[in-house]
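**Q** Now for the letters of each chain:
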Amino acid sequence: MSDFINVTLHLLEGFGTTLGLFFLTLLFSIPFGLLLSLCSKARFSPFRYLIRGFIYIIRGTPLLLQLMVVVYLPGIVFQSPLTKWEMFHGNTALSYFCGALFAFVINYACYFSEIFRGGIENIPKGQFEAGEVLGMTKTQIFFRVILLQVIRNILAPMSNEIITLVKDTALARTVSVVEILFCASEILKVDFIIWPLFYTGVFYLVFNALLTFLFGCIEKKLSRYWK
Amino acid sequence: MALLEVKELKKYFGDTEVLKSVSFSMERGEVLAIIGSSGSGKTTLLRCLNFLETANSGSIRVGEHLLFDGDDPAFKSSSRIRRNRLFFGLVFQSFNLFPQYTVLGNLTLAARLSAKDQTKITGEHESIDEINNRAYALLERVGLSHKCDAYPCELSGGQQQRVAIARALMLTPDILCFDEPTSALDPELTKEVLRVIRGLKSGDNTMIVVTHEMEFARNVADKIIFMANGIIEEIGTPEAIFEHPQSPILQSFLNNALN
Ligand SMILES: Nc1ncnc2c1ncn2[C@@H]1O[C@H](COP(=O)(O)OP(=O)(O)OP(=O)(O)O)[C@@H](O)[C@H]1O
Ligand SMILES: [Mg+2]
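So the protein sequences, as listed, match chains D and Z.
Using numbering that gives the first Met the number 0, the first residue of the first sequence is number 0, and each one after it goes up by one.
Using numbering that gives the first Met the number 0, the first residue of the second sequence is number 0, and each one after it goes up by one.
Simulated from the structure, these hints should not be mistaken for lab results.
Treat the hints with care, since some could be wrong.
[To be verified] Now the in silico label distances, taken between C-beta atoms and shown as ranges:
1. D:A155 <-> Z:D148: 47 to 57 Å
2. D:L49 <-> Z:L85: 37 to 47 Å
3. D:G125 <-> Z:S246: 42 to 52 Å
4. Z:E139 <-> D:S44: 43 to 53 Å
[What the hints assert, rightly or not] Residues from chain Z that face chain D, not an exhaustive set, calculated with beta carbons under 7 Å:
5. L51
6. R84
7. L89
8. N95
9. F97
10. P98
11. Q99
12. L103
13. T118
Virtual Cβ for every residue (Gly too), placed ideally from N, Cα, C.
Just chain D, with the same shape it has in the complex (with noise of 0.2 Å):
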């Protein structure tokens, strides 16, 4: 019994760094992502076709691969591994970690942007135009009119992605950063039980069902405005 709950206490402490990951990616990818989804509609044609290359390539590869990237490339290129960086004061730990938040932020911000310029063309352009000839900027009519009909747009799409993400955070294990599964296979390597690394589902599972839980009371609300 006294084993079930230290392996528990440990375990949430790497399921700790697993949501740290998860709601840093999140707040970092989607101001991100609506950025280049907007870049990506640009007029001047040479940066707008930079910016969808730049998405075509990141959705083309596998995001392991763009981790290591992060993580290794620096270290061959200016033979100075990222725990070597004045910013991470040697913290090994820290470095690992913002190597594997950049490679998410940057993945996720090229998924999210697709689903942000799919989620802004559906809008009617009659939306638009009653704002224009009411006087309105475009900013205003981005932000009073727009956003919560793109919101409204994006939301089955982006709770697919965001659960996505939460089991995809797993991967960071690959680049040393100590998040639940690293935890059960330290586990499993130092006492030799395996259970613990079966357990690990249990908390993904509870997450993900509050998540859901959280995109059904949004999608509640937000039915009250469109029948």
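Could you slot chain Z with the ligands onto chain D? The hints should help.
**A** Quick look at chain Z with the ligands alone, frame taken from chain D:
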């Protein structure tokens, strides 16, 4: 002096000339109906007046204000266009109400935002109460006071269009334009919307109505423009247009429309 003067307005989409030198004028308080077959450029004309499209040449003047001159690129700056828009209002065929705002919110949104901007510039502005009171008064005029807290999706098409009319009136445009305001509605709802538009006429509003409702054009308009292939083929009083059509195109158009 004419309230609105449109001179030699031309509009191209690519190589197609959709408006071929359109000129007309109208007086304050007049109702102008625009009729014509599909593709004749009626919508494009209204959109140029509301600056949703930029005409390629020609000029638009409202009262003393020159709002557009195709020869002067300064008239194409976006802040200038935004200011000039307020001389016109536009009611769309498909209503285009904002779904996430109540009826009252739809009416007051733009006014509240511009009051906020105004505060930054002059420190003086219309208060929220004043804005709301104006909105209530307009809703009463279109017969929808009891719906002020409803969302657009809870209204019938006719009610939505009446809200859209009130929303356009909130900004007190000099000229209110309608682009086939009843084409998306069934006959019963068409009547209630046309009744509201007719009511606005007695309130001294200046209006341009693109319509396929010949009965309405005949009874309500002071002047009718018949458009064909991007030009004003004929312009005149309802009597002249309906009783004594000159051009053969108008004659065959009326034959089709009235039977
Ligand atoms: N954005 C656009 N791009 C290219 N061509 C356009 C565009 N908008 C309109 N046109 C063309 O311009 C012509 C006039 O269109 P417009 O919508 O003004 O006609 P309309 O008189 O309003 O017709 P309807 O009675 O069907 O509404 C049409 O031939 C149309 O195909
Ligand atoms: Mg039209």
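**Q** Of the numbered hints stated earlier in the document, which are not met by this structure?
**A** Result: hints 1, 3, 12 and 13 break, sorted rising.
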